[in-house]
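Protein sequence lines correspond, in order, to chains A and B. Residue 1 is where the first sequence starts when you use full-length UniProt numbering, and the numbers rise one by one after that. Residue 1 is where the second sequence starts when you use full-length UniProt numbering, and the numbers rise one by one after that.
Hints may be right or wrong, so weigh each one.
Which residues of chain A face chain B? A partial, calculated answer using Cβ under 10 Å [unchecked claim]:
no., residue
1, Gln252
2, Glu265
3, Val279
4, Leu349
5, Pro351
Chain A side only, calculated, beta carbon under 10 Å to chain B, not exhaustive [as the list claims (entries may be wrong)]:
no., residue
6, Ser24
7, Asp53
8, Ala57
9, Thr123
10, Arg259
11, Val260
12, Lys261
13, Ile263
14, Arg267
15, Met278
16, Asp350
None of these hints come from the bench; they were simulated from the model. Each residue gets a CB set at the ideal place from its N, CA and C atoms; glycine is no exception.
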Amino acid sequence: MSAVTRKNRDGRTRARLISGKAGSFLRIAFSLAITFFGLLLVTFLIGRVLPIDPVLAAVGDHASQSTYDRVREEMGLNLPLWQQFFIYVSNVLQGNFGQSVLTSNAVLDDIKRVFPATLELATIATIIGVVLGIPAGVFAAINKGKWPDHVVRVIGLAGYSMPIFWLGLMGLLVFYMKLDWVAGPGRLDAFYIDFIEPTTGLMLIDTLIEGDMDLFWNAVSHIILPASILAYFSLAYIARMTRSFMLEQLSQEYILTARVKGISEHRIIWRHALGNVMVPLVTVIALSYANLLEGSVLTEIIFAWPGLGLYITNSLLNADMNAVLGGTVVVGAVFIGVNMLSDVLYRLLDPRARR
Amino acid sequence: MSNEPLLTVKNLEVTFNTPKGEVNAVRGVSFNLGRERLGIVGESGSGKSQTGRAILGLTAANGRITADQLTFHDVDLANLTPKQWRKVRGARISMIMQDPKYSLNPVMTIGDQIIEAYREHHKVNAKEARHRAIDMLEAVKIRDPERVFNSYPHEVSGGMGQRVMIAMMLIPDPELIIADEPTSALDVTVQLQVMAILDDLVRDRGMALIFISHDLQLVSSFCDRVLVMYQGHVVEELAASALHEAKHPYTKGLLNCLPKMDGDHGDLPILEREASWAEG
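Given these sequences and hints, build the entire structure.
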C-alpha cells in the first residue's frame with residue numbers, strides 16, 4: 001500500500017469518526033427523549049385510571065357539590081384527556097409536579113428534600129456492595145468448589161433470604177443497643193439536626209462543607225448500619241454475578257495466552273480476566289444501584305430515614321396523587337439516567353462497543 | 001541441528017479425569033528435540049495439541065501429566081513450582097495459539113499485550129519496551145506498526161492478529177516456540193504468508209520450533225522432521241524430505257488422501273483404519 005492511499009484512508013476514517021460521534025450523541029438524546037415521554041404518558045394514564053378522586057382528596061367528603069365542581073374545574077379535570085396530558089407535560093418540563101395535599105408543599109420541593117437522603121444511602125450501599133462483592137466473587141471463582149466458594153455462597157444466600165426488616169431490627173439491636181458501635185435511627189443525632197444547613201442535602205457532604213468533623217462522624221455513624229444492610233443485598237447479587245462472569249472469562253483462550261507469556265496469576269485474574277468481567281458487570285451494578293435509588297421503604301421505615309421510598313409510600317397511603325406521580329417520574333428519570341451512565345461506562349470498558 | 005538435545009520427552013502421558021472415566025489423550029510419547037524444526041501431525045484428538053501443552057505445563061486442571069523424563073536443557077519440567085514455571089514460560093519456551101480472535105485479550109490494546117510479554121522477562125522502562133514492541137511489529141512485516149500498537153484486537157484482521165501473536169510470543173526471545181495450528185484459523189491466502197514470517201524469524205533467531213498441525217504438506221515444507229501421531233501414540237517419525245518413504249499404513253493413508261496434480265483423477269481413496277494402530 002502506498003503512503004498516499006494510506007493517508008486517504010486515514011482521512012476517511014477520521015471523518016466518519018466525527019459524524020459518528022455527533023450521530024451517536026443525537027441518537028442517545030433522541031432515545032432519551034422518547035423514553036422520558038413514554039414515562040410521562042404512563043404515569044399520567046396511571047394517575048387518571050386509579051380509582052382515587054383527587055378532587056375529593058382535596059376538598060374532603062363534606063364539601064358541597066358546587067365546591068366540588070369548582071375545585072374540579074380549577075384542577076383542570078373537566079378538560080379532555082389529551083389537553084390534560086399536554087398541560088401535565090408542560091408543567092413537568094417546568095419542574096412543576098403540583099402541590100402535595102399531605103405536606104402542602106410543592107411536590108418538587110418535597111422531592112428535593114427526600115431524594116438526597118435516598119441518594120446518599122443508595123450510593124454508600126452500592127460502594128460497599130461493589131468494594132466487597134467483586135473481590136468476594138473473584139475469590140469464589142478462583143476457588144471454585146472449595147471452601148471459600150461455599151462460604152461466599154452461603155453468605156450470599158443468607159443475604160438474599162433474610163427479610164430486610166428483620167435484619168434491620170437485629171442490626172439495631174446488636175450494633176446500636178448492645179454494642180453501641182453505631183448511632184440509632186435518623187440521619188443525625190436529634191441534638192445536631194439544627195446545626196446543619198442543607199446545601200446539597202447529602203449529610204456527609206454538607207457536614208464536610210461546614211467543616212464540622214463531629215457532625216460528619218455523627219452522620220457516618222448514622223448511615224453506616226442502614227447502608228451496610230442494604231449493601232448486603234447488592235453484595236450478594238454482585239458477588240454471585242462476578243463469580244459466574246469470572247468463571248466464564250477464565251476459560252477463555254486469552255487467559256491461556258497470558259499464562260504462556262509467564263504472567264503472574266495475580267495479574268491474569270485482576271487485569272486480564274477482571275478487565276473483561278467488568279464489561280457485563282457494570283450493567284449489573286448499575287441496575288442494582290438504580291433499584292436502591294427507588295428508595296427501600298422497609299429500611300427507611302426502620303431507620304427513620306426520610307427518603308424517597310418512605311415519601312412515595314406515605315403519599316400513596318394518603319391518596320396524595322401529585323406526590324405519587326411526581327415521585328414515580330423522578331424514579332423513572334433516575335432509572336433512565338443510571339442506564340445511560342452504564343451505557344457510557346460500557347463503551348469505556350469495552351473497545352468493541354465503541355463505534 | 002546440534003547434538004545436545006534442547007528438549008527430551010520420554011514416555012509422556014496425559015490423562016484426563018472426566019465424568020465418563022479416564023481419557024488418555026497422550027500415551028507414551030517420546031522424542032528428542034535439538035535446535036531444529038519438528039512437526040507433529042495428526043487428526044483431531046490425536047493428542048498433538050495436548051503434547052504441546054504438557055511441555056508448557058498448561059494441561060487443564062482435570063488433567064494429569066506423567067513422564068519418565070521431561071527436561072528442557074537441565075530444567076526438569078515435570079517438577080516445577082508455579083514460580084519456576086513463570087521463568088520458563090514466555091522467556092524460554094513459548095507457544096503460538098491457534099485463533100487470534102480468541103487468544104488475544106479483547107479489552108487490552110495490542111501494544112499493551114506485547115509490552116506485557118516483554119517486560120515480564122526483561123527489566124526495562126516503558127519507553128524502551130514500547131520501542132521493542134514497535135520493532136517487533138515491524139519484524140512480523142506489519143506496515144503501520146504505530147497504528148497497530150494502539151489498536152485493539154478486534155480492529156485488525158485475522159492474518160494481522162496472528163502476526164501480532166507471533167510478535168508477542170517471540171519478543172522475549174525464547175529458545176523454543178511451540179506453534180499449535182498457527183494458521184488453521186486463517187484464510188488460505190494468508191496462511192503461507194504468516195507461516196513464512198514465522199519461519200524466517202525462527203531461523204534468524206536460531207530458535208527451535210515444534211509445529212503442530214493436521215496439514216501434512218504444510219508441516220513437511222516448514223520442518224526438518226515430522227512425528228505422526230494417532231490416538232495418543234507416535235506412529236511414525238520421518239525426515240520431512242522423506243515423506244514418500246513412509247512405512248506406517250496411517251501415514252501412507254493420509255498421503256494417499258491428497259489429490260495429485262498428475263496421474264489419474266479417479267476417486268480419492270478413503271483411509272481404512274485398523275485397531276492395531278492405536279496399540280502403538
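Query raised in the report: Is the hint on valine 260 of chain A kept, meaning its closest Cβ partner in chain B is under 10 Å away?
Result: Holds, because the Cβ-Cβ distance from valine 260 of chain A to chain B comes to roughly 5 Å (cut-off 10 Å).
Query raised in the report: Hint check: is the beta carbon of methionine 278 of chain A less than 10 Å from a beta carbon of chain B?
Result: Methionine 278 of chain A check passes; min Cβ-Cβ to chain B is 8 Å, inside 10 Å.
Query raised in the report: Taking the closest Cβ pair, is arginine 259 of chain A under 10 Å from chain B?
Result: With a closest approach of 6 Å, the arginine 259 of chain A hint holds.
Query raised in the report: Should the hint that aspartate 53 of chain A touches chain B count as held when the rule is a Cβ pair under 10 Å?
Result: violated, 56 Å
Query - proline 351 of chain A as chain B interface residue, shortest Cβ-Cβ below 10 Å - result: Cβ of proline 351 of chain A sits 4 Å from chain B, so the hint holds.
Query - chain B contact restraint on serine 24 of chain A - CB to CB distance below 10 Å - result: Nearest chain B Cβ about 18 Å off; hint violated.
Report task. Closer than 10 Å between Cβ atoms is the bar; does leucine 349 of chain A clear it against chain B? Give me holds or violated. Result -> holds, 7 Å
Report task. Report holds or violated for the interface hint on aspartate 350 of chain A, using the least CB-CB distance to chain B and a cut-off of 10 Å. Result -> Cβ of aspartate 350 of chain A sits 6 Å from chain B, so the hint holds.
Report task. Identify whether the interface hint at glutamine 252 of chain A stands, where standing means a beta carbon of chain B within less than 10 Å of its own. Result -> Glutamine 252 of chain A check passes; min Cβ-Cβ to chain B is 7 Å, inside 10 Å.
Query raised in the report: Does lysine 261 of chain A pass the interface check with chain B, least Cβ-Cβ distance below 10 Å?
Result: Where the cut-off is 10 Å and the nearest Cβ of chain B is about 4 Å from lysine 261 of chain A, the hint holds.
Requested in this report: Verify the interface restraint on isoleucine 263 of chain A: the C-beta must sit less than 10 Å from at least one C-beta of chain B.
Outcome: Because about 6 Å separates isoleucine 263 of chain A from the closest Cβ in chain B, which is inside the 10 Å limit, the hint holds.
Requested in this report: Grab the minimum C-beta distance from glutamate 265 of chain A to chain B and call the hint holds if it beats 10 Å, violated otherwise.
Outcome: holds, 7 Å
Comparing the model with each numbered hint stated earlier shows that hints 6, 7, 8, 9 do not hold.
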